[in-house]
Amino acid sequence: MQADLVERASRGDREAFASLAAANVDHCYGLAYRILRDAHRAQDATQQALLGAWRDLPTLKDHERFEAWLHRLVVNACYAEARTDRRWVARVRLISTEPPIAPDTSSSVADRDELERGFRRLSPEQRAVVVLHHHLGYPLTEIAETLGIPVGTARSRLHYATRQLRAAIEADARPVTSEERTA
Amino acid sequence: MNTRDSFDQHLADWLEDGPADAPDQVLETILAAFPSIPQRRAASSVPWRNDPMNGYARLVAAIAAVAAVIVVAILIIPRSSGPGVGAATASPTSPVSTAPVAVASPSSPLSSPTPFPSPPPLPTLDASFVSPWYGYEVGYPSGWSVTPGAGPWARSDGMLGHGNARLDQIATPSGYYRMRLAGASMALPAGWTLAKFRAFASPPDSRCAPLIDPLTEPVRLRFVEPEKNPQQVEAIVSMNGCGSLSDLGGDIYDVVVVAGGRGYDFTLDGNLTAADARAWLAAITLEPYSAPGPGQTPDPSSP
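Residue numbers (my numbering), protein chains in the order written: chain A, 1 to 183; chain B, 184 to 486.
Worth flagging that the hints you see were computed from the coordinates, not collected in a lab. Do not take every clue at face value.
Stated by the list, open to error - Now the in silico label distances, taken between C-beta atoms and shown as ranges:
#1 A:SER156 to B:ASP196: 23 to 29 Å
#2 A:MET1 to B:ALA245: 20 to 26 Å
#3 A:ALA3 to B:SER219: 25 to 31 Å
#4 B:PRO386 to A:ARG14: 37 to 43 Å
#5 A:SER156 to B:ALA373: 35 to 41 Å
#6 B:ALA250 to A:ALA22: 32 to 38 Å
#7 B:GLY341 to A:MET1: 44 to 50 Å
#8 B:ALA203 to A:MET1: 18 to 24 Å
#9 B:GLN414 to A:GLY12: 25 to 31 Å
#10 A:GLY12 to B:ILE246: 41 to 47 Å
#11 A:THR59 to B:ALA247: 25 to 31 Å
#12 B:ALA195 to A:GLY148: 22 to 28 Å
#13 A:ASP13 to B:ALA382: 20 to 26 Å
#14 B:PRO401 to A:ARG112: 29 to 35 Å
Cβ atoms here follow ideal geometry from the backbone N, Cα and C, with glycine treated the same way.
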């Protein structure tokens, strides 16, 4: 069904593309939100990706790969969103004013806050790999193909992102005094 | 405390908690905007023939092919007598060679029309913006939004990305087909060449396409100094990064140039053709002497 819509939309059928957009917008937004962790920027990235999909659809040779191709557009749009003000935020000195959080063995709210903070410290490229792997369940080969990067690069990003997240969670249990970089 | 598996599961659970549905206005915006966007032409839109051609069809095709070769030869031979054998020519696969010429540009070779509609052309540049911090002047269409940058641009700032408040920005105020010019400059340390400034101000973006030259003719910007005749300085123009990185859509032209000891970086992006880019760049005048020096602020009496 979707392949038929892709085929028609790639030939300029607007009705088909409208159906494709309606069928994929939630998924795209969910992906963008999980990478950017910001609702407004996720909306912008979703719109950018789907408008780019309409424009570039005639260049997609394998219509069966539409979903992966769309994921790539979403991820690239997220990179663009993150790049828009990354250089501003990167120079902001963050000094925690919150008291240190004791490790929460019940893995509840505190753990989630720690994950949120740790995730925000990852680069957009690392976030994308984490979301594709842990949320969409993509294997590394699929991630590499979707993002257009070598498998080794995907593996490396996932490894270091996971390590950073673990380290961040452990570090958040201690007082934060150093300059941190966020994306 | 946690095993690797439990950490991964915890991470997956946390990611799962995000929103499931996009706000309604996201789809509404997409559905309102996409019909006005022209689709790119497929690399190969003509399907391969499955049915064999008969003899008559082969004969007609052969005659047509020979005629096409003759026509092409007639068109090419007079041109090739100028620069001589081996002279550089525009690549037929240049990404901008398919863009229709929207603004008259006598020096532009980019004139092949396309069968699909193009964005509206760059309007007449009937207003003028004098950069308070960066020592240049540029024409722009009256009514467009102008945001002077919060300069100066220091080396410690590094490259200025899209949306950076230090950049002067001139953009179409509304509509889907928007264009934007952003610019800034800095006094260069001794010994900095154009190549070094370019590496600093506009490093290659490896995530998308490799750097390519989108304009097949050299781009020179007008450069004036007090008590001297106006000069032309050559710029490096590249299409740095893929179109989807531009929040206006379309292409991203990066332009770097050095004049009078300053390095200038201009970015043109949005739905503009190569001819639009050329026309807008031709409306820039570099006036490095007018930029405030270190520790100075812009002259409030300047226009």
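Results of checking the hints against the structure:
1. Separated by about 25 Å at the C-beta atoms, A:SER156 and B:ASP196 satisfy the suggested range of 23 to 29 Å.
2. Look at A:MET1 against B:ALA245: about 44 Å separates their beta carbons, and that is not inside 20 to 26 Å.
3. Between A:ALA3 and B:SER219 the CB atoms are about 26 Å apart, so this pair conforms to the stated range of 25 to 31 Å.
4. Remark: the range hint 37 to 43 Å for B:PRO386 to A:ARG14 is upheld by a beta-carbon distance near 39 Å.
5. A:SER156 and B:ALA373 have their C-beta atoms about 40 Å apart, which keeps the hinted 35 to 41 Å range intact.
6. Our hint of 32 to 38 Å for B:ALA250 and A:ALA22 is violated, since their Cβ atoms are close to 49 Å apart.
7. Restraint check, B:GLY341 to A:MET1: a C-beta distance of roughly 48 Å satisfies the suggested window 44 to 50 Å.
8. Taking 18 to 24 Å as the suggested C-beta distance range, the pair B:ALA203 and A:MET1 conforms, at roughly 21 Å.
9. Roughly 48 Å separates the CB atoms of B:GLN414 and A:GLY12, a value that falls outside the hinted 25 to 31 Å.
10. A hinted range of 41 to 47 Å is violated for the C-beta pair A:GLY12 and B:ILE246, which are about 33 Å apart.
11. For A:THR59 and B:ALA247, the hinted distance range of 25 to 31 Å is satisfied, since their beta carbons lie about 28 Å from each other.
12. Range check, B:ALA195 to A:GLY148: about 24 Å between beta-carbon atoms, so the 22 to 28 Å window is met.
13. Remark: the range hint 20 to 26 Å for A:ASP13 to B:ALA382 is contradicted by a beta-carbon distance near 45 Å.
14. Hint check: B:PRO401 to A:ARG112, Cβ distance near 56 Å, so the stated range 29 to 35 Å is violated.
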